[in-house]
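These are the residues of each chain, in order.
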Amino acid sequence: MPDLIYHGVGAGLVGMALYRAATCADLLTRILALNVLAVGIAAVLVAAAYRGSDVPPDAVPHAFVLTGIVVLVAVTAALLALAERLERDGDAGRDNADE
Amino acid sequence: MMTVFDVMLAATILWTAWTALTAPDRTAAIAAFLVFGLFVGLSWVRLGAPDVAMAEAAIGSGLTGALLLRASRGMTPPAPTRVTAPHRAAAVITAAGVAGVLAWAVLVLPEAAVVYDPLVDANIGDSGVSNPVTAVLLNFRAWDTLLELVVLLAALLLVAALRPIRAARMADLGPLYPPFLRIMAPLSIFLSAHLLWLGTSDPGGAFQAGAVLCGGLLALFFGGTLKTDGPDVMPLWALAVMGVVVFVGAGLLAEALTGTLLEYPDGADKAWILTIESALTLSIGATLLLLFSGLRQGGARP
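Residue numbers (our numbering), protein chains in the order written: chain A, -6 to 92; chain B, -11 to 290.
These aren't lab readings, by the way, just hints derived from the structure by calculation. Owing to the predicted nature of the structure, the values given are computational and were not obtained by experimental measurement. Backbone N, C-alpha and C define an ideal beta-carbon position, used for all residues, glycine too. Check the hints yourself; a few may be wrong.
[To be verified] Taking CB as the label site, the calculated pair distances span:
| hint | chain 1 | residue 1 | chain 2 | residue 2 | range |
| --- | --- | --- | --- | --- | --- |
| 1 | A | 81 | B | 254 | 24 to 30 Å |
| 2 | B | -4 | A | 81 | 38 to 44 Å |
| 3 | A | 80 | B | 175 | 18 to 24 Å |
| 4 | B | 13 | A | 81 | 18 to 24 Å |
| 5 | B | 255 | A | 80 | 51 to 57 Å |
| 6 | A | 80 | B | -4 | 34 to 40 Å |
| 7 | B | 163 | A | 44 | 50 to 56 Å |
| 8 | B | 258 | A | 80 | 29 to 35 Å |
| 9 | B | -5 | A | 81 | 42 to 48 Å |
| 10 | B | 138 | A | 48 | 32 to 38 Å |
| 11 | A | 81 | B | 177 | 43 to 49 Å |
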């Protein structure tokens, strides 16, 4: 039973994240939306691996999710570096283009 | 009784996620994201996935939150975005559609998730470890984990290339910080080694251990003991690269010994896995620290 509830949570998180990524121009909010999206998909996978409180869950989706978490932090760090660079050099770059 | 708990936890997760995505203030949004990650971790403990929950709490919530806070400092506050009605309607339809299909998928495919499980059960005895998640990550699907380390290194190179800018100024943390550090830094090393060793039989492993080690390194970094500029950065770089080097070396050596890439010699699996995991732990700790601190070579830019 809990797997169904958390499966629904995962689906809800994916929907929320997609909506905010589509309707918000702010870079940091979009990076947050990407993180929420990934956690939502991970929640669906973890819920799919669950098979009752007295049966051990499927380990393969767990390994996928662990890999996903580490890749996600790497992607987030890279995106934040890009966003910071845009924020700082964005205006200067435009000025140079005008000259 | 547990259903009440599940429903409340589910509602909290959705609410904190929505706060993180819509709060007008950046710090509030990031704080909500941190809390969100911890509650998601709690829900995964409930679903019997403590390995994943630990990684989510330490890396997905804690370290990502630190990265976000660090980046948000230099960014202007978000301006409200003007969204036209058709744009908003399209976003609602897409988001609701994808979420609806995801929710519906599990109801029509109830037995879809049991494909790999019998294979893991049948081979766990040969894997050298008794924690099935570690067995999958470091033995059955070691190739995926090797490539994951390469992804981390690629991200680190990108961050290093993009961010050789001004030195981050550290706030003075007061007279209580050095005594705190004298306890925390060794403790993080102990805890990290403990999690690494535990990972062979119980929840834990290289990623969780690496995240804890990164916490200790970050504490040293904030205290000014550990510097990530000048010549001091070279050992950290060496550690960051070491994970991939050791993993590839082990894969090739295994190829020479057994004829198959990443197929460890019979009976010695545990020693191989622990050797690789130890290198991974140090490497992940150093990589995560460098991702956070950014990298500065002296005089690269004004």
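Now for the hints, and whether the structure bears them out:
Distance hint check for residue 81 of chain A and residue 254 of chain B: the Cβ-Cβ separation is about 55 Å, which falls outside the suggested range of 24 to 30 Å. Take residue -4 of chain B and residue 81 of chain A: their Cβ atoms lie about 43 Å apart, and the range 38 to 44 Å holds. Take residue 80 of chain A and residue 175 of chain B: their Cβ atoms lie about 37 Å apart, and the range 18 to 24 Å is violated. In this structure the hint that residue 13 of chain B and residue 81 of chain A lie 18 to 24 Å apart at CB holds, the actual value being about 21 Å.
Distance hint for residue 255 of chain B and residue 80 of chain A: a CB-CB separation of about 55 Å, consistent with the stated range 51 to 57 Å. Taking 34 to 40 Å as the suggested C-beta distance range, the pair residue 80 of chain A and residue -4 of chain B conforms, at roughly 39 Å. The supplied range of 50 to 56 Å is met by residue 163 of chain B and residue 44 of chain A, whose beta-carbon atoms lie about 53 Å from each other. Range check, residue 258 of chain B to residue 80 of chain A: about 48 Å between beta-carbon atoms, so the 29 to 35 Å window is missed.
Remark: the range hint 42 to 48 Å for residue -5 of chain B to residue 81 of chain A is upheld by a beta-carbon distance near 45 Å. Range check, residue 138 of chain B to residue 48 of chain A: about 35 Å between beta-carbon atoms, so the 32 to 38 Å window is met. Taking 43 to 49 Å as the suggested C-beta distance range, the pair residue 81 of chain A and residue 177 of chain B does not conform, at roughly 36 Å.
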